[in-house]
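Chains Z and W, in that order, give the protein sequences. If you count by the numbering used here, then the first sequence holds residues 1 to 77, one letter each, in order. If you count by the numbering used here, then the second sequence holds residues 78 to 490, one letter each, in order.
Simulated from the structure, these hints should not be mistaken for lab results. In this text, a Cβ means the ideal position worked out from N, Cα and C, and glycines have one as well. Misleading hints may appear alongside valid ones.
Here are the simulated DSS-like cross-link-like pairs (lysine-lysine), alpha carbons at most 30 Å apart as the crow flies [stated by the list, open to error]:
1. K61(Z) with K44(Z)
2. K203(W) with K33(Z)
3. K468(W) with K37(Z)
Heads up, incomplete: computed chain Z residues facing chain W, CB under 7 Å, no partners named [stated by the list, open to error]:
4. R22
5. V25
6. R26
7. V30
8. K33
9. E64
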Amino acid sequence: MKNVKYIFSCATACSEAMIVDRILVRVLPVLMKYDQKLTADGIKAADEILVPDDLYAYIRKVAEELVGRQCVDDSNA
Amino acid sequence: MRSPMFDIRAYPYDEARNCFVIAGEAMVFHCHHYLNYLQRSILDADYIDSRPFIVGSAADAVYQQLSELCRGLSVDDAKQMAAEVYKTFGYGLIDLGPLTAQGGRVETYKSFYSKTWVMKFGSSAKPVDYFTTGYIAAAYAVIYGHSLGSVNAAQVMCMACGDSYNAHEVHVGQGNFSVYPPKNPLRFNDSPKLPIGWEYEEVVTRSFLGAHENMVGNEEGYIPAFGVYIARNLSDFINRLQFEFMRAMKKVGGDYGELLASELLLEAGHACGFFTYAGVMTSDEWRTYVKPYLKTREDWIRGLASLINTMGWGYHTIVELSRERAVFRNYNDFEDLSYLRMYGVADKPVHWANSGGFTGLMQLIYNTDLIHGEMINTEEGFRNMRRSKAKYKTRMLKSIACGDDYLEAEISL
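So that you can see chain W by itself, here it is in the shape it has in the complex (with noise of 0.2 Å):
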């Protein structure tokens, strides 16, 4: 048996800019619902030719960060390199074994994408693993020595569409994805941090420090989670799906396209925040290492930031918390440090994830009675939060891609 070729211990955690990157690429943590339904979205505008630019996102930061993990390897071990991070970041499982430079075709029996596309809205006519897709391209360009730009890929089967199991196939040809420029140094925003203002935060952050590393792929290649299936996401690759389905609803409908596209991607966010967060409030771990700290509302917002600044989306602080208004920055979030990467200065904010989600932590705990313990991060639940009369507005206020030193979203009533 082969000895493993990728650890994630290996590489630091930096608590300072409270990130996580792996040979050059940030890499943020998104659950199912999250992933999904900001794939829906993209896919629900049909008139938009999509598949390019969501296979090519995945093949750009994949292609970025196998390049220097596979650097000096031999073909066979660069495969195996490939099939580890892959596993390891909860995208399933793949055997790039059949891959010559020719090409070939990759089965894979696991795949967080086709699995939780299921779970989450039913079958699909089309398949869903573009994911997937761009990265066996990624993969397959890396090993053998091809540009991006030459690489033809495409997904022939897939088990949300009812096959057994899904199939990739990959060849030198025409290549049918989009290939983007080089991309910026990843560049942090060091201007000093307002701290979240609560007594308990270092210690509850100290108590998570570290736990990122545990939520790898099991032998299924998944990581269950909170009660949800998370991955652990390239952020550029991500990022790049909101941006670039945000230029194409523009070219169609101008700011009214800018407008419908937003609403749709700050649901995405609210979706994670809502199912991810009530996961991470009702764990043990949660029960265990933050409960007793918590005394008001209030405090539930504060402990879930301080433990939520150990994952790698950045600092998330309050700077004003009522129920009735919430102000939050976050200081190196990904969704602006991504853009800044790949397309330079925004003309307004780009942070519908990180907004999302703090609407969504309003609405949990505002809106529900989870600091009481009702279980409610279901479908159904998130239906009757979504219909309950008290909705939070969100406006995203400043942006780091906009020249800002942080991200800053309101929620109000």
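The following block holds chain Z by itself, in its conformation from the complex (with noise of 0.2 Å):
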């Protein structure tokens, strides 16, 4: 398990307001997959969120795909 509230606020700080909202709409599937249902004020409200590895990383894909940059995550390292 991998904790991705580190991808959404490294998003949410370089890219618009709704970028959240917007990672979450594109990885629909998946998360219905995994049976998680995040939300933008859900991911704000935790302190961690864990997710399989292999959702972390579809999430992880998507946001940098959206928000045009990597995001670099030191403590999953």
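Using the hints, build the complex out of the two chains.
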């Protein structure tokens, strides 16, 4: 499991205000597969959000695609 | 030179219902921020095959309208009519001359969507002018008597992708966009309205009645106004986009899918409220005809409601208003009326654009210094405003599509 909170925080810091919602919309089918129902408010309020490695990698890929830059996550290295 | 065939002044503004109808189709202005944000939100969900309903929503509404406008016209006159309507509404310029009964290729050099997508988001990997594909498909069907379901249409070049012009190809064949069942007649809700309750409402409204007639495409077919580009949309087109997107997201993710989609639809309305209302409230017209009557921040909101009630979006009014909480209503808003017309009764409110617009207005008045002349309607200004700590939340309380007499939304801190 990996903490995906950092990816969302990184995307929020360097992109538009609703970037978290955009990422969630883009990854919806995969979230459903993992029975995850993340919301922007829930992500903001959480200290950490642990998700399976595959889901983490997918969210990170989509986030980087939408933001247009890398989201480096030292905590999960 | 042929004489003009389409004149928007031939269609009266309905003052009692605050709406504007052309050939059976209600017309609503939207700015390029709203229209592109909405389209991008739909396209973001790339697991949904959205192209058929984006093109189909346009084709269906345009087909209804052009069928009436072109009735009894020759092929050449009908082509001219369709081109003039397109230009008048602010979508750019098209020449349908190359079309024959077998189809053809239409090249355009002025396109609202291709131009303003780049302005807002930069270049695109895929063509973005779905509306014009639908428009040409509908015009082709009307002019040559084809059914919409037998038309195949596609955009094959796009200026937003770096091409030097747009190109759309259309022919009879296997239909490749959604076709919808007949719509119900447009039905208004004529229940008594709660007035804005501001002594200058009528004088402001009177000052702007008829002003919408000036918002027509220029020589390039664009309508630059209030610092944005606006287009006069067929309400059923633009609102079907929202409804079909919500249905598709619900199919994929149930209530959770709807929730995610709803956030982006509200944000599109929010952007519209922020950019367009800020543009209106910093315009010369506002300074001349509205500002002399404004004493408080609340007056700015009442003044704006009085003005926009002349633009065809229904009758906006205010039930409660303070920095912390406001309750807005709209009688005859076109998200609701279009929903009722196309889908029947809704099980939950459907007015994301209206509600998002109210939220954007509250942010503008209470979270910026716009009323003291600060110019904030830039992308950077929008980002800063959205990142501010005092964030308004939006709740859609009532909806005509759910059986209520009006739309009602609560905006609160």
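Verification of the hints:
no.: 1; hint: K61(Z) with K44(Z); in the structure: holds, 20 Å
no.: 2; hint: K203(W) with K33(Z); in the structure: holds, 28 Å
no.: 3; hint: K468(W) with K37(Z); in the structure: holds, 23 Å
no.: 4; hint: R22; in the structure: holds, 6 Å
no.: 5; hint: V25; in the structure: holds, 5 Å
no.: 6; hint: R26; in the structure: holds, 5 Å
no.: 7; hint: V30; in the structure: violated, 9 Å
no.: 8; hint: K33; in the structure: violated, 11 Å
no.: 9; hint: E64; in the structure: violated, 15 Å
Of the numbered hints stated above, those contradicted by the structure are hints 7, 8 and 9, listed in ascending order.
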